[in-house]
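S.K.: All residue numbers for the sequence shown refer to our numbering, where the first residue is 1056 and numbers rise by one.
Derived from the structure by calculation, the hints contain no laboratory data. Each residue gets a CB set at the ideal place from its N, CA and C atoms; glycine is no exception. Don't take each hint at face value.
[Said to hold, decoys possible] Derived DSBU-like pairs (lysine-lysine); straight-line CA-CA distance at most 30 Å: (1) Lys1225 / Lys1249; (2) Lys1225 / Lys1120; (3) Lys1225 / Lys1260; (4) Lys1213 / Lys1260; (5) Lys1249 / Lys1219; (6) Lys1249 / Lys1213; (7) Lys1260 / Lys1117; (8) Lys1120 / Lys1213; (9) Lys1120 / Lys1219; (10) Lys1213 / Lys1225; (11) Lys1213 / Lys1117; (12) Lys1260 / Lys1219; (13) Lys1260 / Lys1249; (14) Lys1219 / Lys1112.
[Said to hold, decoys possible] Have a look at the derived ranges for each label pair, beta carbon to beta carbon: (15) Gly1087 / Gln1243: 40 to 50 Å; (16) Thr1237 / Thr1096: 32 to 42 Å; (17) Thr1199 / Thr1072: 39 to 49 Å; (18) Ile1192 / Gln1223: 15 to 25 Å; (19) Asp1246 / Asp1195: 15 to 25 Å; (20) Gly1075 / Thr1150: 12 to 22 Å; (21) Thr1174 / Thr1212: 21 to 31 Å; (22) Ser1255 / Asp1064: 41 to 51 Å; (23) Ala1070 / Glu1265: 46 to 56 Å; (24) Glu1265 / Thr1220: 17 to 27 Å; (25) Glu1265 / Thr1199: 23 to 33 Å; (26) Thr1198 / Ile1067: 42 to 52 Å; (27) Glu1265 / Gly1087: 35 to 45 Å; (28) Asp1259 / Asp1088: 17 to 27 Å.
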Amino acid sequence: SGCSGFTGDLIIGNAVTIIGDRAFWGCSGLTGDLIIPDSVTTIGNSAFYGCSGLTGKLILGKSLKEIKGSDYSNSTGTFQNCNFTGDLIIPDSVTTIGSSAFYLCRGFTGNLTIGNSVTTIGWYAFEGCSGVTGDLIIPDSVTTIGARAFRGCSGFTKANINPKTPPQMKNFVFSNCTNLTTIYVPSQSLDAYKTADGWSIYADKIQPME
1056 SGCSGFTGDL IIGNAVTIIG DRAFWGCSGL TGDLIIPDSV TTIGNSAFYG CSGLTGKLIL
1116 GKSLKEIKGS DYSNSTGTFQ NCNFTGDLII PDSVTTIGSS AFYLCRGFTG NLTIGNSVTT
1176 IGWYAFEGCS GVTGDLIIPD SVTTIGARAF RGCSGFTKAN INPKTPPQMK NFVFSNCTNL
1236 TTIYVPSQSL DAYKTADGWS IYADKIQPME
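Let the hints inform the model, and build the full structure from the sequences given.
M.R.: As structure tokens, this is what we get:
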């Protein structure tokens, strides 16, 4: 960790299957895009934490199953404080987005796409991603959303929550989402969402999908 001497582009070979914990921690001199090849299945805890020079696109490979989180609390997320731009696309292969994975990644300026296999969105996962815009779409597969997962994502204007059973959700998930006016849920689940732990505090925003 602390490989601050590296500069320029980071090229990850097509034979790599796992990027380990803290693999590129603090490599602030790395620049440009970050392309995770299709061979990679797991990105470890804090792997790219503090790689602030990565200001291009982030492209995640189609075999990736897990984006692990931080080593401890919310302080060292996998891509925390990286300055990627453009859309953030979580591939359909991913099942777990770890705690603080994209914490304070303010550079994203497009949409957030969460793949259709994600079951767990960790604590603080997208907190402070204030540049992400448009709709937040939570796919059917999600069962758990951690505390503050989307806190401060002020670019969202509405959310489409697709699971028929309200995901388990901790506190402050949508706090400081200042432009989020409506949370759409399946019509048959309207009452369940309005009374579920974690969801009930947003009852005035929850509406049935059309």
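S.K.: Determine for every hint whether it applies to the structure shown.
M.R.: These are the hints, each one checked on the structure:
{"no.": "1", "hint": "Lys1225 / Lys1249", "verdict": "14 Å, holds"}
{"no.": "2", "hint": "Lys1225 / Lys1120", "verdict": "23 Å, holds"}
{"no.": "3", "hint": "Lys1225 / Lys1260", "verdict": "17 Å, holds"}
{"no.": "4", "hint": "Lys1213 / Lys1260", "verdict": "9 Å, holds"}
{"no.": "5", "hint": "Lys1249 / Lys1219", "verdict": "13 Å, holds"}
{"no.": "6", "hint": "Lys1249 / Lys1213", "verdict": "16 Å, holds"}
{"no.": "7", "hint": "Lys1260 / Lys1117", "verdict": "35 Å, violated"}
{"no.": "8", "hint": "Lys1120 / Lys1213", "verdict": "27 Å, holds"}
{"no.": "9", "hint": "Lys1120 / Lys1219", "verdict": "24 Å, holds"}
{"no.": "10", "hint": "Lys1213 / Lys1225", "verdict": "19 Å, holds"}
{"no.": "11", "hint": "Lys1213 / Lys1117", "verdict": "28 Å, holds"}
{"no.": "12", "hint": "Lys1260 / Lys1219", "verdict": "17 Å, holds"}
{"no.": "13", "hint": "Lys1260 / Lys1249", "verdict": "9 Å, holds"}
{"no.": "14", "hint": "Lys1219 / Lys1112", "verdict": "33 Å, violated"}
{"no.": "15", "hint": "Gly1087 / Gln1243: 40 to 50 Å", "verdict": "47 Å, holds"}
{"no.": "16", "hint": "Thr1237 / Thr1096: 32 to 42 Å", "verdict": "37 Å, holds"}
{"no.": "17", "hint": "Thr1199 / Thr1072: 39 to 49 Å", "verdict": "26 Å, violated"}
{"no.": "18", "hint": "Ile1192 / Gln1223: 15 to 25 Å", "verdict": "19 Å, holds"}
{"no.": "19", "hint": "Asp1246 / Asp1195: 15 to 25 Å", "verdict": "19 Å, holds"}
{"no.": "20", "hint": "Gly1075 / Thr1150: 12 to 22 Å", "verdict": "19 Å, holds"}
{"no.": "21", "hint": "Thr1174 / Thr1212: 21 to 31 Å", "verdict": "26 Å, holds"}
{"no.": "22", "hint": "Ser1255 / Asp1064: 41 to 51 Å", "verdict": "48 Å, holds"}
{"no.": "23", "hint": "Ala1070 / Glu1265: 46 to 56 Å", "verdict": "48 Å, holds"}
{"no.": "24", "hint": "Glu1265 / Thr1220: 17 to 27 Å", "verdict": "20 Å, holds"}
{"no.": "25", "hint": "Glu1265 / Thr1199: 23 to 33 Å", "verdict": "27 Å, holds"}
{"no.": "26", "hint": "Thr1198 / Ile1067: 42 to 52 Å", "verdict": "31 Å, violated"}
{"no.": "27", "hint": "Glu1265 / Gly1087: 35 to 45 Å", "verdict": "42 Å, holds"}
{"no.": "28", "hint": "Asp1259 / Asp1088: 17 to 27 Å", "verdict": "41 Å, violated"}
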